[in-house]
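The primary structure of each chain is shown beneath.
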Amino acid sequence: MTSVVDTINRLARKVPTAAIYIVCLIPVPVLLYLGVTGGLGREPIKALEHELGEIALQLLIAGLCITPLRRFLGLNLIKFRRTLGVLAFTYVSLHLLVWAVLDVQALDRVWADIIKRPYITIGMAAFVLMIPLAVTSNNRSVRILGAAWRKLHLLTYPIAILAALHFVMLSKVLQPEPLIYFGVILGLLALRVPKLRKKQAA
Amino acid sequence: MAHRWKSTLSHADVTPYDAYLNRRQLMGGALGLGLVSAAGMARASQADLELNSWEDITQYNNFYEFGTGKEDPFKHADALTTDPWTVTIDGMVERPGEFDFEDIMAEMTIEERIYRLRCVEAWSMVVPWNGFELSDLLAMAGVKPEAKFVRFETLYRPDEMPGQRSAWIDWPYIEGLRVDEAMHPLTIMATGIYGKPIPNQNGAPLRLVVPWKYGFKSIKSIVRITLTDEQPVGTWEQLLPREYGFYSNVNPEVDHPRWSQADERRVGGGLFAKKIPTLMFNGYKEEVASLYEGMDLRANY
Numbered sequence: 001m002t003s004v005v006d007t008i009n010r011l012a013r014k015v016p017t018a019a020i021y022i023v024c025l026i027p028v029p030v031l032l033y034l035g036v037t038g039g040l041g042r043e044p045i046k047a048l049e050h051e052l053g054e055i056a057l058q059l060l061i062a063g064l065c066i067t068p069l070r071r072f073l074g075l076n077l078i079k080f081r082r083t084l085g086v087l088a089f090t091y092v093s094l095h096l097l098v099w100a101v102l103d104v105q106a107l108d109r110v111w112a113d114i115i116k117r118p119y120i121t122i123g124m125a126a127f128v129l130m131i132p133l134a135v136t137s138n139n140r141s142v143r144i145l146g147a148a149w150r151k152l153h154l155l156t157y158p159i160a161i162l163a164a165l166h167f168v169m170l171s172k173v174l175q176p177e178p179l180i181y182f183g184v185i186l187g188l189l190a191l192r193v194p195k196l197r198k199k200q201a202a
Numbered sequence: 001m002a003h004r005w006k007s008t009l010s011h012a013d014v015t016p017y018d019a020y021l022n023r024r025q026l027m028g029g030a031l032g033l034g035l036v037s038a039a040g041m042a043r044a045s046q047a048d049l050e051l052n053s054w055e056d057i058t059q060y061n062n063f064y065e066f067g068t069g070k071e072d073p074f075k076h077a078d079a080l081t082t083d084p085w086t087v088t089i090d091g092m093v094e095r096p097g098e099f100d101f102e103d104i105m106a107e108m109t110i111e112e113r114i115y116r117l118r119c120v121e122a123w124s125m126v127v128p129w130n131g132f133e134l135s136d137l138l139a140m141a142g143v144k145p146e147a148k149f150v151r152f153e154t155l156y157r158p159d160e161m162p163g164q165r166s167a168w169i170d171w172p173y174i175e176g177l178r179v180d181e182a183m184h185p186l187t188i189m190a191t192g193i194y195g196k197p198i199p200n201q202n203g204a205p206l207r208l209v210v211p212w213k214y215g216f217k218s219i220k221s222i223v224r225i226t227l228t229d230e231q232p233v234g235t236w237e238q239l240l241p242r243e244y245g246f247y248s249n250v251n252p253e254v255d256h257p258r259w260s261q262a263d264e265r266r267v268g269g270g271l272f273a274k275k276i277p278t279l280m281f282n283g284y285k286e287e288v289a290s291l292y293e294g295m296d297l298r299a300n301y
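These protein sequence lines are chains A and B, in that order.
The opening position of the first sequence corresponds to residue 1 in the working numbering, with each subsequent residue numbered one higher.
The opening position of the second sequence corresponds to residue 1 in the working numbering, with each subsequent residue numbered one higher.
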């Protein structure tokens with residue numbers, strides 16, 4: 001087991017973050033191509049919107065896995081954490097753009113939906129909370145903000161909960177898939193609770 | 001008695017099926033089945049109808065008996081056997097009994113009805129149904145005057161309908177209408193689409209079509225029709241009574257609690273399809289508004 005972990009850690013040191021960006025952004029042109037050519041089914045707008053949102057959620061989950069992987073398995077993938085966060089923000093932005101431009105198609109209705117529809121309000125809240133994190137995702141911000149940077153980026157936790165809740169609430173009735181995402185996120189956050197308690201005691 | 005409701009399409013609007021296949025985009029197509037009216041007649045609202053393709057109609061369905069994905073019914077409905085098929089008509093009728101589908105078809109006159117279909121999820125289609133008026137079927141059993149409502153039931157057969165193996169819905173699927181809604185000449189039992197037998201995923205061998213109500217009211221693959229004096233509780237109404245009411249008439253002014261019903265998107269328009277405004281009673285206001293005179297449509301959603 002240790003040898004596997006060591007191999008992965010060695011490999012991770014060699015892989016540049018740019019490679020993660022390139023690989024994780026491949027779905028964007030692929031989905032657009034499928035959407036235009038009929039590969040996303042009879043109603044491509046909803047399909048594209050849904051796919052982008054789901055990938056964003058998966059990237060958020062991947063980001064939340066980094067710390068537990070290090071603590072419990074000794075896997076050091078920490079250098080990819082910010083990359084995953086920026087990618088999640090990219091997908092959420094695209095998800096929002098498809099929703100507003102292709103799906104809703106009217107600015108006044110976009111605004112009305114944000115105010116009136118709780119699942120959209122919640123999704124929008126998650127997006128707004130992600131903005132300061134995206135803005136401070138560069139090395140300079142990390143240096144300038146110091147300890148405050150870490151604190152600020154704890155916003156990831158409420159963001160993940162809101163995003164999963166947004167997914168759970170949008171289906172006609174409770175569906176297994178969104179509930180699984182919600183459960184996984186709650187589980188990953190629960191892993192962090194004892195650590196917080198220790199800190200408070202110290 | 002068939003042909004009580006006449007389409008306002010003129011003969012000039014009729015596009016043969018071959019031409020339809022060659023040219024997917026067309027205006028106000030129809031199959032020429034009993035759709036002849038006087039030449040020169042003004043084109044009414046029907047004339048703006050652009051038929052959805054066979055693929056749109058048969059590959060984008062809500063039929064949770066086969067799964068919750070829009071393509072699940074297309075993928076899984078093959079497993080359903082629809083022959084033999086009997087429809088039980090019971091409750092407050094003169095001649096209750098089990099009616100063989102073949103016997104029903106022998107009695108009915110099949111005609112074409114081009115209707116808009118508006119889903120409660122804010123997408124829509126235009127479908128050339130073939131079928132007969134529900135009132136003609138009910139006449140076979142003879143509705144007693146004390147009957148006030150009609151309750152419909154879908155087949156329950158989990159070994160052929162994989163969606164029924166999960167218990168989050170209290171199967172079988174139930175829907176209901178008032179008797180006057182059921183007897184309305186727009187209300188049909190569809191047995192075909194584009195002149196072909198209705199595919200399983202669309203509700204074979206016979207399904208209800210109530211064009212002025214949200215799609216989920218138009219229950220599929222019906223095995224029982226019960227005349228009653230109690231208002232039936234439909235499956236969606238039972239699951240989420242705040243979101244899905246008994247009437248569920250298409251109404252752009254009454255929003256679903258979680259989304260607007262003011263407009264809709266026609267399926268098949270691709271990635272850049274424009275939204276179109278939703279019409280009161282889905283465009284059948286002239287025909288059906290009198291059924292709800294004096295009723296608060298916001299309270300009776």
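Where hints are given, some of them may not hold.
[What the hints assert, rightly or not] With a straight-line Cα cutoff of 27 Å, these simulated DSSO-like cross-link-like pairs (lysine-lysine) come out:
(1) A:116 with B:144
(2) B:75 with A:172
(3) B:70 with A:172
(4) A:116 with B:75
(5) B:285 with B:274
(6) B:196 with B:75
(7) B:196 with A:172
(8) A:151 with B:75
[As the list claims (entries may be wrong)] Over the 10 Å line for every Cβ pair with chain A, so calculated as not near, a few chain B residues:
(9) 59
(10) 60
(11) 136
(12) 144
(13) 156
(14) 268
(15) 270
(16) 273
[To be verified] Quick partial rundown of chain B residues pointing at chain A, CB under 7 Å, derived from the structure:
(17) 239
(18) 275
(19) 276
(20) 280
Please keep in mind that the hints were generated in silico from the structure rather than gathered at the bench.
None of the values given here were measured: they were computed from a predicted structure.
Ideal placement from N, C-alpha and C gives every residue a C-beta, glycine not left out.
Hints, verified against the model:
no., hint, result
1, A:116 with B:144, "46 Å, violated"
2, B:75 with A:172, "21 Å, holds"
3, B:70 with A:172, "13 Å, holds"
4, A:116 with B:75, "36 Å, violated"
5, B:285 with B:274, "24 Å, holds"
6, B:196 with B:75, "19 Å, holds"
7, B:196 with A:172, "32 Å, violated"
8, A:151 with B:75, "49 Å, violated"
9, 59, "6 Å, violated"
10, 60, "4 Å, violated"
11, 136, "33 Å, holds"
12, 144, "36 Å, holds"
13, 156, "19 Å, holds"
14, 268, "6 Å, violated"
15, 270, "6 Å, violated"
16, 273, "7 Å, violated"
17, 239, "6 Å, holds"
18, 275, "5 Å, holds"
19, 276, "11 Å, violated"
20, 280, "19 Å, violated"
Checked against the numbered hints given earlier, this structure breaks hints 1, 4, 7, 8, 9, 10, 14, 15, 16, 19, 20; the rest are met.
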